[in-house]
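Enquirer: Sequence:
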Amino acid sequence: MTEPPEDPAAPAPAEPHPPSGPGSANPSGPGSVNPSSPGGAVPAGSAVAAPGESAAPPPAATGPHSVTARATLAGVVVSALLIVAIVLGSRMLRNFDSALLPYAVATVFLAFGVAYRYTVWISAPGARRLFRQGWRSLFSYENFRQAPTALPKMIATYLGFQKFLGARSHARWAAHQLIFWGCVLAALITFPLTWGWFTFTSGSGSGPGYEMRIWGIKILGFDSLSVLGWLMFHGLDIAAVLVIPGASYFLWRRMKDRGASTGQRFAYDLVPLIALIVISVTGLLLTFSSLFLHGGGYQFLAILHMVSVVFTLIYIPFGKFFHIVQRPAAVGMQLFKYTGRQDDQVFACRRCGQPIDTGPYVENLRGTMRDLSLDFDAWAEYCPRCKRVLRGSAYLSHVKKGFQ
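Numbered per my numbering, the sequence shown spans residues 1 to 404.
FYI, nobody ran anything at the bench for these hints, they're computed from the structure. Only true hints are included.
No farther apart than 25 angstroms at their CA atoms in a straight line, the calculated lysine-lysine pairs in the BS3-like style are these:
# : residue 1 : residue 2
1 : K153      : K163
2 : K337      : K163
3 : K256      : K320
4 : K163      : K320
5 : K337      : K153
Simulated DEER-style distance windows between Cβ atoms:
# : residue 1 : residue 2 : range
6 : F144      : G297      : 51 to 57 angstroms
7 : W135      : F191      : 21 to 27 angstroms
8 : S66       : I219      : 42 to 48 angstroms
Idealized CB from N, CA, C, for every residue including glycine.
Working from the sequences, and respecting the hints, build out all of it.
Expert: Dropping the structure here:
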């Protein structure tokens with residue numbers, strides 16, 4: 001969670017529009033190929049409708065004020081729903097621990113920020129198209145019929161084990177896995193406890209028997225002196241032990257690796273790692289204080305731990321950690337591309353015949369470019385190499401000729 005993956009909703013970078021006019025690098029000129037259509041009958045720079053679609057003017061751009069209003073409304077609604085869920089889940093606050101109030105308030109702000117940022121994110125034409133295609137693929141019965149195991153596999157490999165990171169570096173993959181599973185474990189424990197959904201009560205008043213209840217319903221009983229009891233009460237310590245080496249590796253890498261340190265920003269790249277380490281270390285020190293120091297320094301450590309956690313929760317929607325929320329949306333996009341390949345809809349370059357991507361994905365990219373009023377959407381049908389060749393040929397035959 002410290003190495004930002006590529007934005008799943010960002011369209012592939014498009015080639016700049018070749019300028020038109022006398023003496024310009026227009027690929028539609030003599031001796032060159034017009035990417036607008038296989039036959040070169042459509043002038044370069046014109047918007048081309050996709051097969052089966054009628055040419056239509058691009059939709060009006062959404063004003064920033066309307067996007068902000070929608071995002072604010074979404075944030076308020078999600079925050080209100082979370083507050084209602086906290087009240088109801090804690091049995092009208094009977095199971096709510098007032099000492100955890102700062103954490104609960106921070107999660108409400110987290111819910112607002114995530115909903116706000118997510119709404120702004122999917123308001124962009126490229127993200128909106130891929131978002132819709134991803135959900136359409138997720139709920140498509142045809143996709144499920146053709147590949148019933150595709151979605152579970154992608155969730156396991158793309159979200160859980162994140163195999164795409166292993167292609168970059170095995171060390172980075174291992175560190176990312178430590179952070180990911182440590183944070184998942186911590187979230188599964190911390191959030192329900194903070195909201196009053198989980199409670200641990202002693203059946204006899206003095207132990208060692210305990211009962212775990214969810215929403216007031218007994219789930220299981222356990223002995224606090226058993227292995228299960230130890231795991232129950234030290235789950236956050238285990239999460240901290242996982243996070244510290246992973247975050248430390250990435251912090252060391254950003255200090256030593258020239259490629260990682262180039263262009264890095266302190267608030268965006270280093271603060272998240274420092275925050276994870278501070279949360280984990282202070283959490284372990286709380287356990288150390290209670291077990292070996294008889295509570296010495298516990299109050300100071302508890303305040304420091306609370307401040308670091310609250311800061312991190314509020315930071316998540318507006319910093320590098322936002323990719324945690326974005327990443328699940330990529331599963332739908334991967335399913336969208338996978339089903340296209342299963343249907344043998346691989347799109348080949350118009351010039352060299354090399355596969356580019358799935359046909360639906362290329363058409364989706366062209367649609368996004370039309371939404372953005374980019375009049376060179378047909379260039380998406382050419383591979384990067386052929387784009388460079390066409391641009392170079394146009395430059396030699398038109399622009400350079402004007403200097404002779």
